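A.B. asks: Below, each chain spelled out in residue letters.
There are 2 protein chains.
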Amino acid sequence: MQKSTPAGRPRSDLNATVFEATLRSVRELGYAGATMDRIAAAAGVAKTTLYRRWPSKGALIVDCLIDAIGPAALEGDTRAEMLESAVRTAAARIGEPGVGAAFAGVFSDAINDPDLREILTTRFQAPYLAVLKEALRVPEQRILLVVDVVAGTLLHRLGISGRPMVESDVDALIGMVRGALD
Amino acid sequence: MQKSTPAGRPRSDLNATVFEATLRSVRELGYAGATMDRIAAAAGVAKTTLYRRWPSKGALIVDCLIDAIGPAALEGDTRAEMLESAVRTAAARIGEPGVGAAFAGVFSDAINDPDLREILTTRFQAPYLAVLKEALRVPEQRILLVVDVVAGTLLHRLGISGRPMVESDVDALIGMVRGALD
Numbered sequence: 001m002q003k004s005t006p007a008g009r010p011r012s013d014l015n016a017t018v019f020e021a022t023l024r025s026v027r028e029l030g031y032a033g034a035t036m037d038r039i040a041a042a043a044g045v046a047k048t049t050l051y052r053r054w055p056s057k058g059a060l061i062v063d064c065l066i067d068a069i070g071p072a073a074l075e076g077d078t079r080a081e082m083l084e085s086a087v088r089t090a091a092a093r094i095g096e097p098g099v100g101a102a103f104a105g106v107f108s109d110a111i112n113d114p115d116l117r118e119i120l121t122t123r124f125q126a127p128y129l130a131v132l133k134e135a136l137r138v139p140e141q142r143i144l145l146v147v148d149v150v151a152g153t154l155l156h157r158l159g160i161s162g163r164p165m166v167e168s169d170v171d172a173l174i175g176m177v178r179g180a181l182d
Numbered sequence: 001m002q003k004s005t006p007a008g009r010p011r012s013d014l015n016a017t018v019f020e021a022t023l024r025s026v027r028e029l030g031y032a033g034a035t036m037d038r039i040a041a042a043a044g045v046a047k048t049t050l051y052r053r054w055p056s057k058g059a060l061i062v063d064c065l066i067d068a069i070g071p072a073a074l075e076g077d078t079r080a081e082m083l084e085s086a087v088r089t090a091a092a093r094i095g096e097p098g099v100g101a102a103f104a105g106v107f108s109d110a111i112n113d114p115d116l117r118e119i120l121t122t123r124f125q126a127p128y129l130a131v132l133k134e135a136l137r138v139p140e141q142r143i144l145l146v147v148d149v150v151a152g153t154l155l156h157r158l159g160i161s162g163r164p165m166v167e168s169d170v171d172a173l174i175g176m177v178r179g180a181l182d
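Which chain is which? The protein sequence lines are Z and G, in order. Residues 1 to 182 (my numbering) are what the first sequence spells out, left to right. Residues 1 to 182 (my numbering) are what the second sequence spells out, left to right.
If we strip away everything but chain Z, and leave its shape as in the complex, we get (with noise of 0.2 Å):
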């Protein structure tokens, strides 16, 4: 059933406008500075409003990111070709503004985060994990190396250069992780 706030928006059309808020804040201001009170302000709403839906910034940015980057593209009929289509478009949505630096952001403080890390893997990662599982037939040891080096190798390109990786670098990513799918 679907909960209307306040104001009577509809829960879906105030999800779109924090997470639209969230990602500009975390664009303009970084992740650190991207606070509950700036995201709050960007989308007009009350801090009040956020924590009734959100116990936590950290809960709040995984669900901005299940948001931004959608379900898995796994495009083709080879596992080859699935892969490629999957590894591409993680590529072309962590380069997005704000994406990729909410992303590294909330991994790097669920670190030392205990109940994020929980939010992270059962938010966030199972159900990737079990589509991939599925579609892939690789087992579940190998798939998770393989969405580390993916999702870890075009954040840390982010953090080392502020932009997304060129295309025929993330041919060669391809390469890498399609070897180990073997």
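It should be emphasised that the hints constitute simulated quantities derived from the structure, not laboratory data. One thing to keep in mind: the hints can contain errors.
Stated by the list, open to error - SDA-like, lysine to any residue: derived pairs with alpha carbons at most 20 Å apart:
no., chain 1, residue 1, chain 2, residue 2
1, G, K133, Z, G33
2, Z, K133, G, D169
3, G, K133, Z, S85
4, Z, K57, G, G33
5, Z, K57, G, G30
6, Z, K57, G, G162
7, G, K133, G, K57
8, Z, K133, G, A172
9, G, K57, Z, G33
Just so we're clear, the structure is a prediction, and the values are computed from it rather than from any experiment.
For this one, chain Z is given, so just place chain G on it according to the hints.
C.D. replies: Chain G only, in chain Z's frame:
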């Protein structure tokens, strides 16, 4: 020439004290919580002492990481052996308490901070790049990708699991990057 602090402590001793306090603060408080104030208090020095040496927290973290991670380990006679020793050493050092969180935090901050990216590129990355290019004799673009893959993967794993990567996954990672150098 070595400069002394007002208290007469040699520069290298002060660095060691501050770096130890930095990693301890990151371990206990997380990257965001380890402010210059908290690091100064943990090291038992005045905040102005820190700012005389490091213009920003990012600059301090980078110097701390250079000290903690040390020079690239390139043991062995073949390219494959040298690469393997470099990856195993990187995995062990990133797994040391506080180091991974400091590393991930500074890269995450750098996405929105061009000054910090400049420090990371010139002080942190460039020396490793030069040594790896000389030893492995492959094009710079390929070395940069391998560095992103190794560091990014290890950090992403730490963020999602809170623990360093297990040996069997380090072996698989070595296999992946070895293929990229052929």
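A.B. asks: For the pair supplied as a hint, K133 (chain G) and K57 (chain G), confirm whether the alpha-carbon distance does not exceed 20 Å.
C.D. replies: 30 Å, violated
A.B. asks: K57 (chain Z) and G162 (chain G): Cα distance at most 20 Å?
C.D. replies: Holds, at about 19 Å.
A.B. asks: Given the hint that K133 (chain Z) pairs with A172 (chain G), test it: the Cα-Cα distance must not exceed 20 Å.
C.D. replies: Within the cut-off at roughly 18 Å; holds.
A.B. asks: Hint check: K57 (chain Z) vs G33 (chain G), CA-CA at most 20 Å. Holds or violated?
C.D. replies: At roughly 14 Å apart (the allowed maximum being 20 Å), G33 (chain G) and K57 (chain Z) satisfy the hint.
A.B. asks: When you check the alpha-carbon spacing of K57 (chain G) and G33 (chain Z), does it fall within 20 Å?
C.D. replies: 14 Å, holds
A.B. asks: If you draw a straight line from the CA of K133 (chain G) to the CA of S85 (chain Z), is it 20 Å or shorter?
C.D. replies: Cα-Cα ~31 Å, so violated.
A.B. asks: Given the hinted pair K57 (chain Z) and G30 (chain G), is their alpha-carbon gap at most 20 Å?
C.D. replies: Status holds; Cα separation ~15 Å.
A.B. asks: Against the 20 Å threshold, does the CA-CA distance of K133 (chain G) and G33 (chain Z) hold or violate the hint?
C.D. replies: 37 Å, violated
A.B. asks: Please work out if K133 (chain Z) and D169 (chain G) have their alpha carbons no farther apart than 20 Å.
C.D. replies: 17 Å, holds
Going through the hint list in order, the structure does not satisfy hints 1, 3, 7.
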